[in-house]
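Build out the structure end to end from the sequences listed, making use of the hints.
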Amino acid sequence: MIILFGVFIRYNWESDAHWAESKHNLSDIENDFYYRYPSFQDVHVMIFVGFGFLMTFLKRYSFGGVGFNFLIAAFGIQWALLMQGWFGSLDYSDGKIKVGVENFINADFCVAGCLIAYGALLGKVSPVQLLVLTLFGVTLYAVEEHIIIKIIHARDAGGSMVIHTFGGYYGLAISWMLYRPNLDQSSRLQGSKYHSDVFAMIGTLFLWMFWPSFNSAIAGHGDGQHRAFINTYLSLAATVLTTFALSSLFQKHGKLDMVHIQNSTLAGGVAVGTAAEFMLTPYGSLIVGFCCGVLSTLGYVFITPFLEKHMKIQDTCGIHNLHAMPGFLGGVVGAITAAAASDTVYSHEGLVNTFDFKDEFKDMVPTVQGGHQAGALCVALIFGIGGGILVGAVLRLPIWGDPADDNCFDDEAYWEVPLGGSRAQCSQEEMRVPVALPFSVRIPVR
Amino acid sequence: MIILFGVFIRYNWESDAHWAESKHNLSDIENDFYYRYPSFQDVHVMIFVGFGFLMTFLKRYSFGGVGFNFLIAAFGIQWALLMQGWFGSLDYSDGKIKVGVENFINADFCVAGCLIAYGALLGKVSPVQLLVLTLFGVTLYAVEEHIIIKIIHARDAGGSMVIHTFGGYYGLAISWMLYRPNLDQSSRLQGSKYHSDVFAMIGTLFLWMFWPSFNSAIAGHGDGQHRAFINTYLSLAATVLTTFALSSLFQKHGKLDMVHIQNSTLAGGVAVGTAAEFMLTPYGSLIVGFCCGVLSTLGYVFITPFLEKHMKIQDTCGIHNLHAMPGFLGGVVGAITAAAASDTVYSHEGLVNTFDFKDEFKDMVPTVQGGHQAGALCVALIFGIGGGILVGAVLRLPIWGDPADDNCFDDEAYWEVPLGGSRAQCSQEEMRVPVALPFSVRIPVR
Amino acid sequence: MIILFGVFIRYNWESDAHWAESKHNLSDIENDFYYRYPSFQDVHVMIFVGFGFLMTFLKRYSFGGVGFNFLIAAFGIQWALLMQGWFGSLDYSDGKIKVGVENFINADFCVAGCLIAYGALLGKVSPVQLLVLTLFGVTLYAVEEHIIIKIIHARDAGGSMVIHTFGGYYGLAISWMLYRPNLDQSSRLQGSKYHSDVFAMIGTLFLWMFWPSFNSAIAGHGDGQHRAFINTYLSLAATVLTTFALSSLFQKHGKLDMVHIQNSTLAGGVAVGTAAEFMLTPYGSLIVGFCCGVLSTLGYVFITPFLEKHMKIQDTCGIHNLHAMPGFLGGVVGAITAAAASDTVYSHEGLVNTFDFKDEFKDMVPTVQGGHQAGALCVALIFGIGGGILVGAVLRLPIWGDPADDNCFDDEAYWEVPLGGSRAQCSQEEMRVPVALPFSVRIPVR
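Protein chains in written order, with the working numbering: chain A, 1 to 446; chain B, 1 to 446; chain C, 1 to 446.
If you're looking for bench data, these hints aren't it; they were derived computationally from the structure. There may be inaccurate statements among the hints.
Label-pair distances were calculated between CB atoms; the ranges are [claimed, not checked]:
| no. | chain 1 | residue 1 | chain 2 | residue 2 | range |
| --- | --- | --- | --- | --- | --- |
| 1 | A | L249 | B | I385 | 35 to 43 Å |
| 2 | C | F302 | A | C378 | 51 to 59 Å |
| 3 | A | I385 | C | Q251 | 34 to 42 Å |
Quantities reported herein were computed from a predicted structural model and do not represent experimental measurements. Idealized CB from N, CA, C, for every residue including glycine.
So this is what it looks like as structure tokens:
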């Protein structure tokens, strides 16, 4: 990695000390750093705290959830800089990749795809398998992104297609390849407990709050970022209401289910990703958010059990409901919104800026753009499912040290777990017994 | 909600794709988004993580604390955009509300008022009651804000009056209306436990750290935001020292009480809200912070028990000490500081900018402004208490599904609680019993 | 404190209401506030949440970890504004210290030094001792910083020398002075438990994510901040991989140790502090991060036990591995990178900007600058060790109320601990006893 960076990676003109000479009449504040760094940090929090803590909900796999998330994200961003560089910001004049803050945001996005896939496999794979998954996942992502953004010229600021559809189906396909028929041997560990659910809420809330930054981070300067933030924000707000309502509707006694609140509330951010920088209008965002809340909650109630039972897909975190389906929906919404764009709504200059109708694409029209968006969605699907099956096949090789069926969802497998902790807190049974009894006493322990 | 947004809400000129045409010679970086978005995100974190986790301190109501906070905040911001729009940014030429990042900050502020009120009622009301409380609360807030800011022309950047005084007394009045004489039936659940106190510290710290952003978020561009941040920061720092000192003074054996540390440390931010953008001077901020720390800690030690015993006000989180009293104090400080303003201290242009002495108010002088500030404080009080009694009367109707007295502070009422969790962790009694022993057994426990 | 602030502290020109008059042709967005405030908030999160939660890992000292961190940070920043003001931003024309956002960042940095020292002493000192430690620590820091930055004219944007080397050795020297031979009396409390480790991960992740902001917060506008962020980010990413690999290598059965993951992953940010704004190149950053990960993890495995056994230094959090050694390494890297600087790499103007070769230093050359950097590192070491011994001697006086040997690492000493909490969760033994027994049974419970 160090050698590859030594050969390929250099500062771009905005982070190089030559900036003082080359900036012409720009003010220092117009360095791209000040446009994007706050958003970058928000995205960064989502990747490490958001995804990390969202995966702490299992009663005995919190270390693995947040720890392995940390590992593969830190590995993935380095690899992504190289991979995305080769397909994107490579300067052909001197064969170097020039990096600045936007590349780092893109690297975080790329890693997000792999973390989504991890969600489906949480507790069932070894750290080495995760590194392999990330290595291939990042590579696939970089190719897929290049095809979608550069070749097909689709727009996808928030990555509904590029990140979520790809990452979701990638994870599900791998999970399908790694199906464990006897997973119920560790079913005692497959639930949450009171405090692990509260930890997971940390993840949920940071994801929810910073999603507007996620979708606006690489949108156009000025009105583009501003609008992407508004659309995402409104969509997310609508999803929360829908999720609470439906969760209460489908539970016994109208009680709320933490699984829905932790996950489905976020689906609105996924679905508005592609269209975030378009003129989706505020009420359009609400409609998208509403539909997503319904879709995602119903997914947890009906589709996840169905997938597990009939399709042999064990989806620990329910990424099908949170990323795959909403991402697909987001791609469709993006295609429709793009096809419906017009000079009246955007102004001519606005249309050109938003859809980047420049250079070789300067004769593009919105309706054709809509078609390209739809094509991009298919590419994301194909890469996700195809890549997942391929990588799943690799991960089935018996050399990666994956845990036994009755050892899944258990931090003991890969972590030094503090003694008191696991005993005192982690299972009800262990709670009952801790009285040393003398021989010949009969006690009807409940 | 979708229909209302469809009819009324539009992007404002800074988030509309026409920006490219209409921005004239502004640089993209001068879009209001870049002035306010980082502050907005900090405020957003305060609303969802700050308030949410601050309310997880109860041993068995953490789901409700953070979950219902999430629900009513997400509902409230949508409703607030409409309500504040009708009274504020409605463009009469075409009957649309034009929204941009500043409106979203204001919506978060508006919701803060309702979340404060929730603090008094934590654990004693149903989610439906909370939605009703928010619906009316947001509406009252929008009217009150319009009167204070637009009609009285008072300045209140950090909302000591508009948010905290209003929200605090609104919650207390409702709590008074919903008095439960037999609440001690659930007294076993009315405390914290070790880890729920640590969770609450997450809320405290995020509120404390980002309060400078709260008070500076909608202050004037440039020096206004800069100064509001400095004043708030210093006031908060002073409050922490005072709180630790007093907490240790009033406890047996000089021990510290987590309740004070979690709450009173924040009072300084509340009290400096109105005066934050004024030339309060750094030592002025320290004095305000010091007074607030004293007031708030004494409030927890003496006033809250008094209110509960003699005034029939049950205030779960102690919002009287954290929001109501400090908010009132903040209003007074604001009035005095405004009345004492002068051309020498502010420069003429600075005075005009800070107090917005423009258009119809261009003949205003600081002393008169001080009077207006005092008037505004009264308006906030009246709206808080009056509105609270009104809404409390509505909430007493027996149709809202509020929990029984012995069911208060218990997540079981509204949430699917994981089995192991509640048993193993939540109450000492349950810990004691789990072995039914037969008569005449001798057990050498250790 | 209020009086001192009243006499000395004033707003600087960018936060004063005279800004409107004095800003000349600057746009409001060019107020330093907008350059630095997002970074400031990130640093602020690191100080309060990052350091605070990193210290919650002990099973029964979470209140003390996060609470006392809060106390001394809030005290320290006020004192630091005064101390750093006297040595730095004091305006001699009117004897006032003019403060703006950059001063507040520096105050946070100053406090970081003391919090590092607290890490070595965690659980073994009283709050009063901590206040004394902070009072002296901040004063020493201000003098040391003045000598290093102003007199020696060394550059240290991320504070490898000024903050980490100083703070690390300051804490270790105090710990050596306060050596407790019978500390094993409280060894039962000296470990973590499951959930306290998850809490500590909150601290780790926020430190990790925001370290790029820490190192870039006071770097030069424009390319300086941009480059500091990139270098830090890459170094940290490399450290994570190295730490995971080594942690697994040195544990039985290849399991991972939470102590390493929580701490060593951060060492890369420390070591790249001085050189962050230099043209370290991306692969240079990776190399630094890699070395640090190795050094820090090996430190936990071998050096910390050695220090405790043979050097009488009890280092609760392992700050020697996380701050002292990496900080020293960072100073060395900084000296080498500075000495190797050239016009070709930086451009002439870039070189002048980066190393501030202006005014009295306009004839400076990089090689000499390298020597100055090395000298600065020695100053930091001397101040750290010397100051620590001095302050340690003061803290040994028997007047500060420090806890007894068997009372260390126990929140009960200084906090009201909720009953259920400590019983139910904190130690396995206590778990065993609470059994309600029927009449006529004699059980010698403890």
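ask   = Going back to the hint list, which numbers does this structure go against?
value = none
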